[in-house]
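Chains A and B are the protein sequences, given in the same order. Position in the first sequence counted from 1, then plus 1, gives you our numbering. Position in the second sequence counted from 1, then plus 175, gives you our numbering.
Treat each hint with caution, since some may be false.
[Unchecked claim] Short, incomplete list of chain B residues facing chain A, as computed with Cβ under 10 Å:
1. E282
2. E289
3. D558
4. S779
5. Q866
[Claimed, not checked] Listed next, the stretches of chain A that the computed footprint assigns to chain B, with coverage defined by at least 3 CB atoms under 8 Å from CB atoms of chain B:
6. 29-42
7. 63-75
8. 126-135
[To be verified] A partial selection of chain B residues facing chain A, derived with a Cβ cut-off under 8 Å:
9. G734
10. G737
11. T761
For the record, the hints were derived by calculation from the structure and aren't laboratory data. Cβ atoms here follow ideal geometry from the backbone N, Cα and C, with glycine treated the same way.
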Amino acid sequence: MDVHKIDVHKIGIKYFLSSGADVDADTWFRIFNTWIPVTTDEILIDVADYSHVHNGPVTLLVGHNSNYGIDRGEGRLGLLTTRKQPLEGGFEDRFRTCLGGALKACARLENEADLKDRAHFDCSMLQVVLNDRLNAPNTAETLKAVKPGVESALQQIYTGADLSIEHRDTSGSLFALDITVSGDWNIDKLMKNMPISA
Amino acid sequence: MADTLSWKDKLADRIPQHLSEEIEIFETQIELKRQGKIADPVFAETRLRRGVYGQRYDNGKRFDGSRTQPLQYPDADLLKGPDTLWNAPGMQRIKIPFGGLTTEQLEVMADLAEEYSDAIAHITTRQDVQLHYVHIDDTVDLMRRLAAVGITTREACGNSVRNVTACPLAGVCRTESFDITPYSRALAEFLLGHPDAQDFGRKFKIAFSGCEHEACGLANMHDIGAVAVTRVVDGKTERGFKFYVGGGLGAVPHQAKVMEEFLPEEELLPVSQAMGRVFARLGEKKNRARARLKFLIAKVGIDEFRKLVWEERKQLPEDPRWTAYLNDLNVTDETALKQAVKLNGVARPEGFDEWMDTNVYPQRQEGYAVATVTLPLGDITSDQIRGLVSLARKYVNDTVRSTVEQNLVLRWVPEADLPELYAGLEEIGLSESGAGTIVDVVACPGTDTCKLGIASSRGLAGELRTRLAEKGMQLDASVRNLRIKISGCFNSCGQHHVADLGFYGVSRRVENYTVPHFQVVLGGQWTENGGSFGLAMGAVPSKRIPDVVTRITESYIKGREGTESFQDYVRRIGKKQVKDMLEDLTAVPAHSEDPSYYTDWGDSREYTTGDMAKGECAGEVVPMVQFALTGSERMVFEAQVYLDDEEYEQAEDTAWKSMLQAARGLVRTQWLDVPDEPEHILKEFDERFVQTELFHDTFAKDKFAKYIFQAHEERSNTVDRDLAHRRVEEAQLFIEGAFACYGRMGVVA
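Excised from the complex, chain A in its bound form (with noise of 0.2 Å):
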């Protein structure tokens, strides 16, 4: 597969949550909700409530261009930001794209009256998943199509950071990076540094 050439645009960004273990499924369904009539720059449409699997997703919200899910996948609670719909430009303008969806979700949530001072999210490493075999098989490949992007979008808003990316190179999975993020770092900071565009 060419570097340059990967066409993949389902990507997700997982930040966890370093405090709102406490978070009771009905607050998230309820947040998530409110979300819904008044979100103007996207479709949102509905909630749907899994707190009843194990390590799965807990609430999510679903909308026309992204999910956004309460995730404890592996057993670790955060936000999972899933873009489903097609977007503009390269593999790096699109992650940087999603990576301003996923991070303004998180401030989104850490603002929330009801859970002011309750949940906050660990900057310091996120996932990403792209979720969408055909495009982006688990492979190296894929690896070595997409870090250069992901690298230089977090570099633009981790400034002067470390990156440490390390690939999951489980079979059958999708492909998914783990990355963490040496400094002290949070969601206003982040956003700060996004880019305007994105």
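With chain A's structure known, arrange chain B on it following the hints.
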């Protein structure tokens, strides 16, 4: 420019030709819908017959607890399902005949749930798999990926033969007459897309059971319920089926009637086909509420129905498929991966004994067991599916089955491996005990996603599961094995009629508020194939249903006489006493006093039924001829595309075939069995529509009809651009003529 890969290309070698063509047709229909070139009811029924289902939320509005907010979509055309946006994400139902899945199919299911849905696969009360929030544009690739592993979504919904269900213990059951798996598979395959099963006024459900007395196939509540029986004739054992017909739940439950005490195995397929014809011909089409087979049988009587079916059976043209499969009944046999070893002396992890008590069934085959994997509310994550696949590959031979109680079963587990299997299930969060007990609450989707839902069946089920699981094994033995089943409305998808404690959603007006309630239905029978239905006892506010369960079960524990069953107890104490017992629970405090009554389980917003819409399950009644004509329109569209691409031979051929399809569709309104050969179709079309002047246009007379005969005469001509162009134009006019003719026949819906 990026590389464009496609599942179509990638899986081209793996998808059977007929499935590939069907999916491409659906892809074209989506495009036609997008271009406004397909009638909305036709598209609705078309997508429903592919299992593509609208969800509740997307009716253009969303109530957030304080106000109703319109949702803005890129395409404002209000039609996914009736009154909903057609291109909003919806549900994809995937038929799993007899609930049988291979590990490869499960892996694909996990991938699809992750990539197109919400990483959750849902097992239904009819052994299907459902994926929610799927965008319609993704359904085509989703279908291709399923087709590559031998699964079709065709006729998963709509007015068609739905998933053929069967006892998940078939082949390993201790009480079955014989393994009904190959029969259920054969009938499912035979009726899939069969012309005699396309013109129904409503859905048609079939179930198989290996024996009469267990719940298994729930034969009593299906349009066809086939229960395996044998008889000895001249010293030889013959296989057959006790053949139940006209059963059904829904708002008006009907116990099935026995049409044949012993239907020989070789008659299973032809008699089912004949039934399809009778139902298509005589079944109600206009009044949807009375269009199921049960109403036809109630109207004509079982004796007359039996007569009609056998008369039809005699007229059927012989079909080798009726009996071909009987030569290879072992085709669905499952074998063990490992040798049978008894459990004796093997170390048991904590929790194992409780799980073993409720989730393990010793097989007929010594030393092997069936392990039930309990799925809360029928849900399983993609990661859990993959974990389960690993366990299946380690302990059993590649297959898993879904159950009508929304669980999965692993069969052929050596008993000595059960503790290890349990530990493996525990690692992936699937070791919950209580399968088939009061804790294992079954629920339809209800208000979560179904447009017909009135109350939150899943919300209530989740609440009851949590409360009952806490009590677990401390529950009195007499109530532990009772079953709770919940439907979001009276349509009974949660099968509440055949539960010991059944509930279905209703609402009540209190002051100016709507309050979610559940009607309490007690004493239904799960065994004996869903042998009898429960009695409605009255509506209770949703928030008091857990109290209802406690009160009823405690009353039973205290009041039962000897080994009296729950059904007998309910019947003995009578409806009045039960009503009295529940009376205080029916009160609804004022909103200002306790607003919690005005919300439903699992949904913290104030309750409303404002987002209900016309149900998708009923489908749209579209006569078969209209499908044929719409199909011919699609083909002309494809011919036009070929023409544009300068593929003239393809264009001409497709245009010719489109005319033939339209002509055949018209002929079939008079003669169902018209053969497929062009000569036959043209002869019949000429005699029935041209010579009778039925096809004649007021002004053009037989001009359009001549196009098809001329096209036939010119089949051997060399095709150039001009001929191809003319043929496409003529085909377009011929099909217009066919639609007009159909309209004049006075049968347009």
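How the hints compare with the structure:
1. E282: 7 Å, holds
2. E289: Cβ of E289 (chain B) sits 6 Å from chain A, so the hint holds.
3. D558: Since chain A brings a Cβ to about 7 Å from D558 (chain B), closer than 10 Å, the hint holds.
4. S779: 4 Å, holds
5. Q866: 54 Å, violated
6. 29-42: holds (count 6)
7. 63-75: With 6 residues close enough to chain B, the hint holds.
8. 126-135: holds (count 4)
9. G734: 33 Å, violated
10. G737: 38 Å, violated
11. T761: With a closest approach of 26 Å, the T761 (chain B) hint is violated.
In summary, the structure is inconsistent with hints 5, 9, 10 and 11 from the numbered list given earlier, while agreeing with the others.
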